[in-house]
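Reading the sequence shown from the start, the letters are residues 1 to 458 in the working numbering.
These aren't lab readings, by the way, just hints derived from the structure by calculation. Model, not experiment: these values are computed from the prediction. All clues stand as given, with none of them false.
Computed list of lysine-lysine pairs in PhoX-like fashion (alpha-carbon distance at most 20 Å, straight line):
no. : residue 1 : residue 2
1   : K189      : K235
2   : K29       : K189
3   : K222      : K189
4   : K232      : K242
5   : K235      : K29
6   : K222      : K287
7   : K189      : K305
8   : K305      : K287
9   : K255      : K120
Just the calculated beta-carbon pair ranges, DEER-fashion:
no. : residue 1 : residue 2 : range
10  : R415      : P277      : 23 to 33 Å
11  : T393      : G23       : 44 to 54 Å
12  : V275      : F375      : 35 to 45 Å
13  : Y176      : Y44       : 21 to 31 Å
14  : I223      : E271      : 27 to 37 Å
15  : K213      : T393      : 33 to 43 Å
16  : D285      : T393      : 24 to 34 Å
17  : K305      : F387      : 19 to 29 Å
The C-beta atom is built at its ideal place from N, Cα and C for all residues, glycine as well.
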Amino acid sequence: MSLKEAQLERLEQMNQAAEISGGEARIAKQHASGKMTARERMLYFFDDGTFEEVDKFVTHRCTDFGMEKKKIIGDGVVSGYGRVNGRLTYACAQDFTAVGGTLSETNAQKICKILDMAAKNGAPFIGLNDSGGARIHEGVSSLGGYAELFYRNTIYSGVIPQIATILGPCAGGAVYSPAIMDFIVMTEKSSYMFITGPNVIKTVTNEDVTQEKLGGSDTHMKISGVSHLAGKDDKDSIDQVKRLLSFMPQSNREKAPLVQFEGEAEVLIPELNDVVPADSRRPYDIKKIIKMAADNADFLEIQPKYAANLVTGFARFNGESVGIIANQPNFMAGCLDINASDKCARFIRFCDCFNIPLLTFVDVPGFLPGSGQEFGGIIRHGAKIIFAYAEATVPKITIMTRKSFGGAYCAMSSRQLGADIHYAYPTAEFSVMGPDGAVNIVFNKELKGADDPVAKRQ
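Sequences and hints are given; from them, build the entire structure.
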């Protein structure tokens, strides 16, 4: 065998070793738990034949605790680039079959390298997370790797779209990278996110809590608001990432791709007249209006189960991506509260960063009253909406479907706050406050002096 043949054979052996990563037994265990391997996820994510792997043969450098005998080619992460729906995209997939997908110094360097490449070439970055957290054997070197990753997530925020997909455990320091990114997609029943796990919580606080309740997708979709979307399994979660990407530009230097719309650009929709009730106290589903107006009734709702009193999501109008924000009268009468304020402000800022126009549907009785909201800081949270709308430079159109009272009128993309065009339904009401409150203040003396205040009030 010649030297060249020996080198080629050695290369082929390394390729095969990288392909099976942690070994057939661990791959079988991964499949038995209903999960794909890191490599399978990457191949499913990218268009057929387009995935180019980077740093395939990297191994860790740790020699403590016998780690020099436990080197796995690839070191627990598959990284590279390819095309998703024909567009250049960069991604990393943590490999749970290799040292639990834990983050080592070299593992972190692979991820950071791909992030740098994505930013340099102006393309989205996707993280497919399935990791046991920091590689304890490497101590502070592993923590330093996390810090390097957080730094890049931060400086590239608003420059390229960043989406995290949680396909397994994501605990401790590992949770902060997804939290800094633009969107998080979790997987039902098999993904978890928490800073401190159930065992430590039990030891420190004596509280019994399961992994699912503490950090499962249901918790983060409904209660914490950490997750934006959730899939039924690995493939469904990855499909949702692909759909989300379709509404986004490659970077902040571009506009979102224009999708050919076969329908008529201008068409009358008589059904829109029947959605909003004449009685201003009756609820209705604002999403009916959104879907009637959008191309092909296609609306991707973001955080559908969190702060349901405010709807956010993406749709297309005549083929162009648009960010939708709407008060939801079906839930809490569409009041703005702390959680809705945060949800709204962050979504506005994302759209503003990536040149996505904003369409706001307004039907809001005001900010939610109560000591709980005041103690929780509704003032500073509500101010985030005002700040986000006021600083946004993308086109902003506002449609008043019904009422808009008090400070919420100002906050919800009012004309004076910078909305470019402001439309109003025939049912629209503008007021400093609702009629009941206004009567109590304007006619306070008359009501107090009346023999029958209730009759006088009417």
